[in-house]
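A.B. asks: Protein chains in written order, with the working numbering: chain D, 1 to 241; chain X, 1001 to 1241.
Just so you know, the hints here were simulated from the structure itself, not pulled from any lab data. Since we're looking at a predicted model, the values are computed, not measured.
With a cut-off of at most 25 Å between alpha-carbon atoms, the simulated SDA-like pairs for lysine to any residue come out as follows:
| hint | chain 1 | residue 1 | chain 2 | residue 2 |
| --- | --- | --- | --- | --- |
| 1 | X | 1089 | D | 21 |
| 2 | X | 1089 | D | 74 |
| 3 | D | 86 | D | 155 |
| 4 | X | 1089 | D | 30 |
| 5 | D | 89 | X | 1020 |
| 6 | X | 1044 | D | 90 |
| 7 | X | 1134 | D | 107 |
| 8 | X | 1156 | D | 46 |
| 9 | X | 1086 | D | 47 |
| 10 | X | 1086 | D | 56 |
| 11 | X | 1089 | D | 48 |
| 12 | D | 156 | X | 1046 |
| 13 | D | 134 | X | 1134 |
| 14 | X | 1050 | D | 191 |
| 15 | D | 89 | X | 1022 |
| 16 | X | 1086 | D | 58 |
| 17 | D | 136 | X | 1049 |
| 18 | D | 44 | X | 1144 |
| 19 | D | 89 | X | 1045 |
| 20 | D | 50 | X | 1089 |
| 21 | X | 1050 | D | 189 |
| 22 | X | 1194 | X | 1021 |
| 23 | X | 1200 | X | 1082 |
| 24 | X | 1200 | X | 1162 |
| 25 | D | 50 | X | 1189 |
| 26 | X | 1050 | D | 149 |
| 27 | D | 89 | D | 196 |
| 28 | D | 156 | X | 1057 |
| 29 | D | 86 | X | 1085 |
| 30 | D | 32 | X | 1103 |
| 31 | D | 156 | X | 1074 |
| 32 | X | 1134 | D | 103 |
| 33 | X | 1202 | X | 1080 |
| 34 | D | 131 | X | 1127 |
| 35 | D | 32 | X | 1149 |
| 36 | X | 1194 | X | 1163 |
| 37 | X | 1134 | D | 121 |
| 38 | X | 1141 | D | 119 |
| 39 | X | 1136 | D | 111 |
These are the residues of each chain, in order.
Protein chains: 2
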Amino acid sequence: MKLYYDLLSQPSRAIYIFLKLNKIPFESNVVKLGRLQHLKSSFKDINRFKRVPCIVDNDFHLAESVAIFRYIVATNPTIADHWYPKDAKERARVDEYLEWQHNNTRVACAGYFRVAYMLPLLQRKPPSKEKINKAKGHMVKVLDLIEDVWLQDESKRFLATNEISFADLMAACEIEQPRIANYNPFEGRPNLTKWYEQVKLKTNPVYDDASAYAYNLIGTMDRSRLYKILKLFLSYRVKYI
Amino acid sequence: MKLYYDLLSQPSRAIYIFLKLNKIPFESNVVKLGRLQHLKSSFKDINRFKRVPCIVDNDFHLAESVAIFRYIVATNPTIADHWYPKDAKERARVDEYLEWQHNNTRVACAGYFRVAYMLPLLQRKPPSKEKINKAKGHMVKVLDLIEDVWLQDESKRFLATNEISFADLMAACEIEQPRIANYNPFEGRPNLTKWYEQVKLKTNPVYDDASAYAYNLIGTMDRSRLYKILKLFLSYRVKYI
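Please work from the sequences and hints to get the whole structure.
C.D. replies: The structure is reproduced here in structure tokens:
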């Protein structure tokens, strides 16, 4: 199986960490989002939606991280049950989060990251305070729902179930992305902090290794490094957009 | 199993039609969105996210239409395979659409419906042309992707596979919602038109019965009936928001 990904992309990280933790072999194909390689017309032959992550298993092309996860579970029967429990109710709890996150965690955290980090880079101007505040307000609401609703049940240690599942990987990768844009999602959220520590305990050193590139960008908003990244973006922008 | 739903809600219709077509018994609980019954604090005990559709199976509470669909398939082994194929690749194709739709079909069509129909109702003023045009632009892009990418493969008659699946039900209910706000998604899209006819052929009379309430609202934007609905909304708004 070939995996196309960029470790800067949150769902890419989740799939990559899941494969590594479960020792599932794959051919690694990095698609640099920062160089807009996903928008090259040749990449359309890999994924018709021009996004990462995606896989090619022999001649079977598949997009959408959550669909990829389910396909990997279905075709690798040795994966430990807790990642996606066979029990219908336990599995439904994992599914409930995986479906919920698209228009909540994903839209909110990636939305903030986009407005506060990516767009200023692409548009060569400081981020709009009004847009940042709107995106932040939405993100705060979603993170509070995770703190107060998803993580309020003391009978389970993880988001959906009592053992770590793919829901936790998807959530952790998404929730820490805004740190790059100088927002700390854990501050004032004790349940979220405790949960994130548990996720890392269960997944390290793989988790930290996969996140090293993203960690390295934290705070780059304020540094001259931003301009280097910016120049790189612009040089490729003309070519591919 | 108890189903909480409103046939005005697109994912509610998809689940309702799926249950009826498969003759799965359920206790019907209508939650009138137009009367904001989903926002009543007592409804939080049914679904902690205060949304429809949701189910209660004995003491098991579950939200998120796609997760509900998978739970119903897992707990009802007699459901015909084509709705959610057991073959890993076929199932992955259905999953791919079900995951993709959240931030594409759903956000775009429900977004347009909200801006062009619901918000003007709630805010007691005509819709903002700028906002409508923005929402319409996004919706057109998504509908074109369905026309040109999802439906371009002539080897399969439906969205994800060659037989009807739950992906088609979710898509059909979502895609026709903007008709209420006077946008015809089928105009100039022959693949979409043909596919929609196939979906109806496979699901009628259940599909049309479940959609009767929504059909009845088509074009109400221009009619005095709007004001009746508006009054109803407002009378409940003060009470529950």
